[in-house]
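Protein sequences, first through last, are from chains A, B and C.
Each step along the first sequence adds one to the number in our numbering, with nothing skipped, and position 91 is 91.
Basically our numbering = 1-based index in the second sequence + 1000.
Basically our numbering = 1-based index in the third sequence + 2000.
Hints are computed from structural coordinates only; laboratory data are not their basis.
Watch out, some of these pointers could steer you wrong.
Quick list of simulated restraints, FRET-style, between CB atoms [claimed, not checked]:
{"hint": "1", "chain 1": "B", "residue 1": "Arg1061", "chain 2": "C", "residue 2": "Leu2158", "range": "34 to 40 Å"}
{"hint": "2", "chain 1": "C", "residue 1": "His2149", "chain 2": "A", "residue 2": "Glu22", "range": "45 to 51 Å"}
{"hint": "3", "chain 1": "C", "residue 1": "Arg2047", "chain 2": "B", "residue 2": "Thr1523", "range": "57 to 63 Å"}
{"hint": "4", "chain 1": "A", "residue 1": "Gly62", "chain 2": "C", "residue 2": "Glu2027", "range": "33 to 39 Å"}
Chain B stretches covered by chain A per the calculated footprint, using a threshold of three residues with CB under 8 Å from any CB of chain A [stated by the list, open to error]:
{"hint": "5", "segment": "1424-1434"}
{"hint": "6", "segment": "1504-1515"}
{"hint": "7", "segment": "1658-1667"}
Just so it is clear, CB atoms sit at the ideal spot from N, CA and C, and this is done for glycine as well.
Below, each chain spelled out in residue letters.
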Amino acid sequence: MSVIPPSERLAVRLTVNGRPVEHAVEARRSLADFLREDLALTGTHVGCEHGVCGACTVMVDGRSARACLLFAAQLDGRDVITIEGLTPADGLSPLQECFRACHAMQCGFCTPGMIVTATELLAQDPAPSTEAIREAISGNLCMCTGYVNIVRAIAQAAARAGARA
Amino acid sequence: MSHRPVREGGWVGRPLPLKEDARLVAGRGRFVDDLGRPRMLHAAMLRSPHAHARIVSVDTRGAEALPGVFGILTGAEAVARSGPIRPLIPTTAVVPDYCLAVDRARYVGEPVAAVAAVDRATAEDALERIRVEYEPLPVVVDPEAALGADAPLLFPELGTNVVWHDTLTYGAVDEAMARADGVLRERFTIQRYASTPLETFGGIAEYDAGADTFEFWTNDQRPGLTISSLAASLGVPQSRVRLSCPDIGGGFGNKRRPAYLLVCALLARKTGRPVKWIEDRIENLTALMHACNGIMDVELAYRADGTLLALSIRDIADEGKNLVTPTQHNLIKLGNIANGYRIPAVRYEAWSVLTNKCPSGANRGIGKPFMCFAIERAMALLARRLELDPAELRLRNYVTAEQMPYTTPPGARYDSGDYPATLRRALERFGYAERRAEQAASRARDDGRWLGIGIATSVEPAGTNLASYEIVTGRRAASGSAEAAMVRVEPDGAVRVSLGDPPSGQGYETVLAQIVADELGLTPDAVTVTRGFDSATTPWLYLSGNYSNKFSVTDVGAVVGAAARVRDKLLRIAAHRLEAAVADLELSGGAVAVRGAPDRRIAFAELARTAYADVLGLPSGEQPGLEARQAYQNPLAEPMDGERRVRSQLVFSNAAHCCLVEVDRRTGLVKILEYLVVHDCGRELNPLIVEGMVHGATAHGIGAALLEEFRYDAQGQLLASTFMDYLKPTSVDVPLIEVDRLEHPSPVTPLGAKGVGEGGAIPGPAAVANAIEDALAHLGVVVRGLPITPEQIWRWTR
Amino acid sequence: MKPARFRYARPGTLAEAIALLAEAPGEAKILAGGQSLVPMLNMRLVRPAVLVDITRVRDLTGIAPAGDGGLRVGALTRHAELVVSPLVRERAPLLAEAARHVGHTAIRNQGTLGGSLAHADPAAELPAALLALDARLHASGPRGDRAVHAGEFFRGLLTTALESDEILSAVEIPAPPAGWSFTEIARRPGDFALAGVVVVLGSPLTPPSPPRGESLRVVGFGVGDRPLRLRSAERLLAGVTINADAAARAGAAVGSDCDPPSDVHGSADYRRHLATVLTERAVLQAAARLAGAP
């Protein structure tokens, strides 16, 4: 096991949106910058780089995580899912469709992170109360919508999934 | 252009889901940090750690030697290689202001030098190797102190920190005060806060040495002004500057800082490579812009029955180090001073003062939240004093629908709306009487939770007439409110729209498609609205941009006008081809047909073929092409008159906010239990967009009331420079806001629509403040400032 | 905001991790969940020469029963695991409840117990919970392993008993008293507490062997430079029947035990006041749980 000097790149192998990725990264390269710049997956956004705003939220090994607080180097052997991986090849996912129908975004900058958080919520709690939804997304800041339509969209997605089940 | 009724069964007015939402929800937006140019470098800015200091020397040699660094810019070079930044509002205080600090740093975070390197991390490494010698100077952070004779001066050559001080009197104010039954006197303050869009500000600059041309990609909201500013500072004609805006992740007025783009441009010219700079969050909170904090002394003269007789205001606006747009908050406050009430005489004495803090700038509402806070708080206190119900006091003083159009003493013209009906609907929907009963019952239970009910109402202006700046500058330079648009039928018959106003989340790609679809007989899906802005191809004016709520009252005119001209041309070509009279033709389904004879029809694609390819088939005298550019100016904008009256903003919406709060008497924690907005923005072009705007703007008001504050210490250090300390409202802090509406179309806008983008942010702080004061009324608490923190409540209640 | 450069190492075993720390004395930082460390790295508030990523060290994971009704929890246990783990919920429900208050889901998914304890933010939830739970914290280093009682572990602002060449490896929690409560007040959900109070009282549900008497511990966080035993309250409550009156008196007494900071979020006086209110509430809640309430 070696200590990688700062200027040297280390090899990282991970799975991103279901596809194997191999890349050389500087140790201090954040996962957010790695996704955006090295993999051209610009759907994940950077809003604060101190873990508060939630714009950079992605899935790591099936759990939500702030991509600005992870170094790409740490993700060796891991599985990352971004907004691109949550979007079908054609059209939108049922959750995304609810966001669209309810106008649960305005500028769209917080939206990818919101979708990841909402996806995790609905996986863990398929019929969340309004309060549970508001609490679950309270770590994702939105400056545009006042959250009202976002809560509606997530509730609608839960209801529709429930109706389908 | 006169007001025309919206077509029955048309697309305008429908709550269509947004076209752009489909790409945004998939993460397919294209924001400025998603863009790149070949061989691009990344910049970082070295910023002053001192609020006020002489810059003795700047030694960049250590940074230059770092591998990966390609260019460094200092203040001295900025002076050598660029001209001063043009102010938007040129006060008489003219001091050259460059894109980097030159001889002095005047606020913590002011850029002193900049580095361009292979990546942002390397650029930041390089910053640490730049040696700057500072000689700290005395600091002034309090605006009243900054007015004083002994105050440290930001610009000694000005001899003062006061950029503007003037008194405007409209009507016999002193006489009214003298004969009043009473005068309510109060001092109110407001904190520094900002709308802080989630995407930070930034851009890419590229210089083509061969063509001596600069190109910019940026989320700047006012491309018209910024191009002008950049070209002037760079010493190139505007014909050799190109600026584009991609998707913008929220703006609210904050995203405009030509100095930053100028730094990138100078580095690009120096290095011969494109340079990108995106501010990080600390830079954004510390140094982009704050809404002015301020102090307002209000005197409100009244008769015993509550009729308002006169209003006199002393207003001190703390601009930080702002030489580009000082007095902007003052002017906007003046334009909104009467807030929907009949007040026959008004006096406004204003100061715009510089301090060693972040520059002020445009925020959602620009000054109107403070103005509304002061007036609505005064009304709440007056109601208490006169033992009148606060709603009743307002109802006695509103400008009524019958009195429209009504011009306030400073010249604001309320064009439409029924303010009493709006408040009554709000009280009814809110269940005001039942809430009062609930409050009484809660008090009787004495369980440590105090309920409070707050009401606040406001007008919401739209559009800004730049002629109003003459109040400050003494001369007319820019004026009016105007925007430009283009509608084009492509050679294949597809329809495209372009607007000089780059959206930042307001749904223009959908609502413009709805408008043009109605004009041309199409579906919105068949109308493509060009994303963003590109000065090479988008029609634009100096006045173009995303500001002042102007979309519904100005931009729409340009789009409707351009679409109408394209429609007329389609009809003329079709009339010629179908050998029919224009009057017998109608547009529908992407074609022109003879009314009543649907088989005599010709599709847009076919008309376009005539217009673009088979031009010999055009009617005689008709030019080829199927495109129209239209620039529209809002007809209500006029120059200032001899009494210094002017319509600084042009068309007025209005709203009533009611909120129910619960205060924990032991901890001071506040929960907003219910929040209702009844608003009237005239014709709602797309109710889904409108309701979203109301939610979002109201959330801004709640944040300002309870959470957000840029607090400084005595040395000018900002104590809230991250999102850990500058608290934005989360989904738990914002209640599920209920919205209802009245619809009094404006008689003076092309589609009867009025502004809605700022609305909730204006009375929001007052509504929450009034509710908290109501909860604590039995303790005699008076709310005079914001934000209202739990600790503040505890101090009042102990 | 990009960090200064660092060397990066990712040991697979605890021994390797300890060796790395020894190679760069005072210059190495442990990277576990990173939720506290990485913002500081990004802001260049800390600039370690070496970052030792211990997230692959399996020796540091795992939740297992220990002792009589107690628990041993590996330092790399994520907050999210503490919240849902059936063992934790059964044997140390206070810890699960405290973990639930840490940040937001994304933070809890990555942040670790060891990281929170080693970082020792005075307003953090888990240090206070462990102090209330009478836990022992295990440190591993070149001189071997040692156990430090929670009362001695937290030394001051962001300061612990860990030597710079030691790694927190596990936490041992004895069977806790049956009465417990966790309270905190923050400006917004997930923010650091303005103040918090944790109370345990009574005997363990599972009587330990050898038997222990009743416990009563009142711990405040956000009210000093480390989690604090609010001894004035403890003295007032010792041996008395707990009712509203007793709780109020206990709350009123804690002001002198606190030495809270003043910052933009609240003054020292206000935090002291919150400690009073929360003590009162927490004492009553703990007593109710002892009496069988959920």
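| query | For this structure, which hints from the list above don't hold up? | reply | 5, 7
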